[in-house]
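Protein chains in written order, with our numbering: chain D, 7 to 302; chain H, 7 to 302; chain B, 7 to 302; chain W, 7 to 302; chain P, 7 to 302; chain F, 7 to 302.
Derived from the structure by calculation, the hints contain no laboratory data.
Take the hints with a grain of salt, since some may be wrong.
[As the list claims (entries may be wrong)] List of simulated lysine-lysine pairs, PhoX-like, C-alpha gap at most 20 Å:
id	chain 1	residue 1	chain 2	residue 2
1	F	K245	F	K285
2	P	K137	W	K21
3	W	K137	F	K238
Listed here are the chains, written in short residue letters.
Protein chains: 6
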Amino acid sequence: MQHIIQQLSEIEQLKNICHEQGNSVSMPSVEVLGNIVQITRSLLFPGYFGEAAINEQTLIYHIGIQVERLQRLLAQQIKSGLCFEGTQSCSEQLDTVAQQKAQAFIEQLPDIRKQLQTDVVAAYNGDPAAKSYGEVIFCYPAIRAISNYRIAHALLQLDVPLIPRIIAEMAHSETGIDIHPGATIGNYFTIDHGTGVVIGETAVIGNNVKLYQGVTLGAKSFPLDEAGNPIKGIDRHPKIGNNVIIYANSTLLGNIHVGDGAIIGGNIWVDKDVPAGAKLRQNPNPTSLHSAGGNL
Amino acid sequence: MQHIIQQLSEIEQLKNICHEQGNSVSMPSVEVLGNIVQITRSLLFPGYFGEAAINEQTLIYHIGIQVERLQRLLAQQIKSGLCFEGTQSCSEQLDTVAQQKAQAFIEQLPDIRKQLQTDVVAAYNGDPAAKSYGEVIFCYPAIRAISNYRIAHALLQLDVPLIPRIIAEMAHSETGIDIHPGATIGNYFTIDHGTGVVIGETAVIGNNVKLYQGVTLGAKSFPLDEAGNPIKGIDRHPKIGNNVIIYANSTLLGNIHVGDGAIIGGNIWVDKDVPAGAKLRQNPNPTSLHSAGGNL
Amino acid sequence: MQHIIQQLSEIEQLKNICHEQGNSVSMPSVEVLGNIVQITRSLLFPGYFGEAAINEQTLIYHIGIQVERLQRLLAQQIKSGLCFEGTQSCSEQLDTVAQQKAQAFIEQLPDIRKQLQTDVVAAYNGDPAAKSYGEVIFCYPAIRAISNYRIAHALLQLDVPLIPRIIAEMAHSETGIDIHPGATIGNYFTIDHGTGVVIGETAVIGNNVKLYQGVTLGAKSFPLDEAGNPIKGIDRHPKIGNNVIIYANSTLLGNIHVGDGAIIGGNIWVDKDVPAGAKLRQNPNPTSLHSAGGNL
Amino acid sequence: MQHIIQQLSEIEQLKNICHEQGNSVSMPSVEVLGNIVQITRSLLFPGYFGEAAINEQTLIYHIGIQVERLQRLLAQQIKSGLCFEGTQSCSEQLDTVAQQKAQAFIEQLPDIRKQLQTDVVAAYNGDPAAKSYGEVIFCYPAIRAISNYRIAHALLQLDVPLIPRIIAEMAHSETGIDIHPGATIGNYFTIDHGTGVVIGETAVIGNNVKLYQGVTLGAKSFPLDEAGNPIKGIDRHPKIGNNVIIYANSTLLGNIHVGDGAIIGGNIWVDKDVPAGAKLRQNPNPTSLHSAGGNL
Amino acid sequence: MQHIIQQLSEIEQLKNICHEQGNSVSMPSVEVLGNIVQITRSLLFPGYFGEAAINEQTLIYHIGIQVERLQRLLAQQIKSGLCFEGTQSCSEQLDTVAQQKAQAFIEQLPDIRKQLQTDVVAAYNGDPAAKSYGEVIFCYPAIRAISNYRIAHALLQLDVPLIPRIIAEMAHSETGIDIHPGATIGNYFTIDHGTGVVIGETAVIGNNVKLYQGVTLGAKSFPLDEAGNPIKGIDRHPKIGNNVIIYANSTLLGNIHVGDGAIIGGNIWVDKDVPAGAKLRQNPNPTSLHSAGGNL
Amino acid sequence: MQHIIQQLSEIEQLKNICHEQGNSVSMPSVEVLGNIVQITRSLLFPGYFGEAAINEQTLIYHIGIQVERLQRLLAQQIKSGLCFEGTQSCSEQLDTVAQQKAQAFIEQLPDIRKQLQTDVVAAYNGDPAAKSYGEVIFCYPAIRAISNYRIAHALLQLDVPLIPRIIAEMAHSETGIDIHPGATIGNYFTIDHGTGVVIGETAVIGNNVKLYQGVTLGAKSFPLDEAGNPIKGIDRHPKIGNNVIIYANSTLLGNIHVGDGAIIGGNIWVDKDVPAGAKLRQNPNPTSLHSAGGNL
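Given the sequences, and given the hints that come with them, work out the whole structure.
See the structure below:
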């Protein structure tokens, strides 16, 4: 196999796909980031995640210990993210930067918790099958995905590179819900079932919005730059008002506006503005009267 | 960070989102439930799951040992579920109740196996890519999701709280198929590919039904109670007859009836009854003849 | 529980669902195959996967060690796959066969890498949110799914049974993207978001094709054999030309042709040929003007 | 192998060597007890054991969390020990008993720590190779063995069965130092190197005593009861005064007294009282002048 | 570091210390052998080792499953041992040989259990601190070391290379008791405390013998062959009669005989025959009356 | 438990026994050091430790990869050791120092291997029970203990604090052999069985020396400084010439000299010089002719 080993190791073959690591710099770790999410969940929803027995007396110890672990692990990963991005040299000054960003993130946890409380209420009220807030927190994929989104969004606003994206992808893989950390989402947000939901980088969602599985808030066309490549970061996703419901598998594309209180039925393709209070639905489907084989 | 720790620990902040655990009561464990599913699979399909070498001589020892482990672990988790629900005080009498429910579940395994055998046949017959029953059992996400559903459904009928939902969510996360444990599903049931399938709590499915990926059997609107909240547990999902096929990404909503032998094409929104033998399909799609840019 | 144990162990009950293993033959291991995929990824994209510090000096050692591990583990699993299929007796000659197939696979890695390089470029160019090739390789589910597909496809062409399917299902579970190893896919292929994508066994995809989430390239109807069972392996999936874009949640079924440069809008059902350069979109959706309750 | 399985399962063959477990009672777990020891060490010597970063701010959180875990795990194991002993029926009342004993143990931790502080000083002062207290705490087997002894002794005095013995054996296996939990040992106690040291159940050791490796404080002869069996629990081990040193590999047997300030040389057999201040040593060893082969 | 890597890889440097492995041959695994010992202990002493709940109904399933696992794992390791030894080519015929040896070992388990029952009784009767047979089985290092010895001895008599030695070393590391698998040991054998005990390859021990910690039954001088190297395998260790007690730290060397009923005191060197019924003790130790410093 | 938590957290209680860690400094990790030893063993004895398949082709990859891992992990641990010692502030300059020391250690590996080759030969020649060099390398505790010693000694000579001691203690715990890293030991060194052997910090051992289990080369008395504490680091252990054998359980104390070719019998106490070629043995032991009970 010597020739294959040689071939696979040729530097010129490796353009763009080999990541050389500096001396004391490691790649962000999906495993550690999984831990970080788990710790953050246990801070946001004490007693639901983590094996420990929480009660009024012990609560503060759990919070204290988890905050300290979070600070330590998150600073590490933020540093790895900064080094990966590589816009600055991966020097020791990054340690301080990373420490500060981790701390700034932790400062936001009480606010993040307040928002997530509204999401829990929305999920509970929105699902006749939900038996209790506890069941919603512990089992509902929407809560997991929205928690990861709110965490990732906060980190992105602190200019942490790469890490928010990985945290979002972890929720995507776990729940099938893909919310870009750059999206802006209001309170009382919920997603039912959720598999296949996509919410793009520049999407904006108001308060009290409910999405069903398979809904896309995506981009349609990308203006190209002079070299023929898509222009990065351009505003290209839907803006959703307050009190909107979008049913399963509908696809909203482009920088369009959906007005307050609109209801969008399932399985439709929307690439134009939708006025407030509108109710959209798919054209009625013809029943085929003549059909030969066992299939359509 | 002391102020943040204090803030995150304030009891009044924690309404609805903190779960206090009693002394010797632990939360249901997703890890242990994963084990329980694995054990149950190894009982239902001996030789496919679990590392052991099964043959005619050793079979009974494997079955015996796994039944005993299942009884022990399941009783624990059922107790945790009962305590979590908290409608009864989490006393030691729950130990006996949990033991009995676990045993009653195990008594149903032979019947569950018989049903799953029909599902395996349906998956094999329904997929020209399937090479053998063995491949179907070992690899097909549908079999994993339907197994979890049949297990969760049996537990739910024994009035086990929370645990069935977690087992269903485990399959949802693994396969993208979200079947509520409360649904009622006949024999020879199969789902092809499956990502994005949703089957709601009060859905009823006859025998020999095949769903494709992205099919929703969901709820459309929820009657509200006097306080303006959705009424829990109301009958709100489709009833599917026998010998029905529903193609990819179609969304069936509400307590509607789809008659025997109906075939529903893909990407359509159905919120009215479908007569027996009907064949529904989406309106033909216009080809746009005039279109400037690189996109639609 | 003795009677249940007896009942679960009755041989006649176990037809089709019990896998008896020979003496020194083990089932393919999902865990080991996960390792194999991880190793292969670390060979294809050095420095991104695996914990080690890669640089020009150490690269060849990493490549060398991983090639050796891959050879060893893959040969084991291939043998397990051959024994599982059971068309040949699971003799020791299979050891040699398995060794050879593993080696032949490894010989193809440089070519697989070249193809994947084009996929990375396509994903980067096709997503305005992508910040760098590195981010694409490390985080994008499309790259994970397409890597697994290209690995599984190469193994299938070496007549390795079962293993390719398991590798494809691993990506399916992780990403929601289900690409059958038998499909044929050109260069510069990308999938955005990806959850719910299905690409069938006999699908053929040209160069520079982009799919969005929820796109199905599936089968519509299966000719039956004399016994009324679907004929296995028949050509039944779409053929997609070069430079094609298919938007979210569209379902293309049957052995149809989509010509070069076609653009297919989202949420539509396509079961007829699409000419080159065509642009298809869903019928416009009526806004319902009259609607009573809070829902559609 | 069926006949061997039958034979190994015959109940009459299993007298005295089979332990039947009740329904919800598990054996004490060596793994959990290892955890308990680790937690206790981390409470006694904060910052040395356990991965967390300790400082003045975070200290109380660590202590709080570990006390809670210790209470929970220890109560479980104490219950298992009580059930194993089986003098009471393994009812739920044991839960309360076990909780109380665990709590009573934790109440003693501050005193145990004070005693261990004196042992650390003794080890440091007694070894010219010791560089710091920290090195002694972190590396010296004597500290590990004496910690386990002081923990086990406290549990034994609370009438916890079996568990103290297991904790002592864990130190024995780790360090080669075998101190029975029943022994009584004063302050400023140290053992150098320690492999092979044995301290019996009814041994009593004063303050400021130092033992070297291989020293035995054992029993010599056991009075028999009428049935010819040794009488259990009789006082049969040495009583050592204050300020005593015993050199390597000496064997002190029986209920003898070694007076304050005595020094006992290595490799000697002592089965009579040793007066205060005495200095014992082995008879001088003759050099053999005539010896044929390569050996003695 | 390239030059060091080169240097460490030079083949001529590696004489005698590099083990080249064949293609499908792995080294014996200390981890798997640890499992094998654990399984065997759980077969010999049901209910004490392993997490399962044993009772009359479930016993046979546990035995059945463990026998099957033992057969499988042991055959693997025996093959690895045979390949390591390398007196035969490591062909596939070794699979059959290994299977047979594993089976022959399992056939002996009932007899090994009978012998170990006598050892448990001896340990219990010989230690006034022992509270029950259960405590002896679960905690006493002697039982662990003697179990490993009896297992290793049985394997050695089946001409299994290397594996018995590793099993003995595992007990040595765990307990400090080093019994060569080649030694011959009768019933009702016990070792108190045990650290430092050594029993050589050609030692023979009668029934009802008790050793204390630090006792050596070793070799004194080795006849050399013509090349000046010790002759391998020659009979060179003590032969101990029935009903003998040897106290702590005594060293018996050479092919000497110790007659029935002899009692040998501690800390003595014995290289001559000891008649039946003799009682040996060390010369009395002089108390030094004049001694200056703080030490001897 | 709040009062206990408070009490255990009082800073004044924690003098000398609490280790405060700096921000990005972690304690040395026993687990990582275990890895480091395992890696080093796999470099010194390729093919024996580690799961990989070594042969002439793959050897250099294994060596390369392990050298890189060793460099990385060892530098980390050395830094932790330097910070623990705390004589310098734990700044980032320590990273460079630690890197250099790790590299300097690796440079010595070829020489360490050469010495260990002589030790393997000595162990093989010195034990008639040894079947092959391979068995000696793979199973003999002496080789494990001497390897750890030679590793630890090299690190100590590079002024690495704490780490060498931990590595020595790991071997002590595993084998019962306690060699201080500061000792100086020649070639062809072996220890038979080994449990209880102690070799002190300032001991010097020539070439071709063999020790048996329980041999101590220790210190007898320590000169005190003005404060009454032992003077640290003083020369206080035996100096052993070439070609010396010391039998089991003998205790040599103090800065004495044992001349070339001396043979020292077992169980004796030696605190005076032993001339070259001398053969020492214990006084003959009287057989007691009159003895009442069942014991001595």
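Here's how the hints hold up against the structure:
1. F:K245 / F:K285: 17 Å, holds
2. P:K137 / W:K21: 17 Å, holds
3. W:K137 / F:K238: The given pair, whose Cα atoms are some 8 Å apart, holds under the 20 Å limit.
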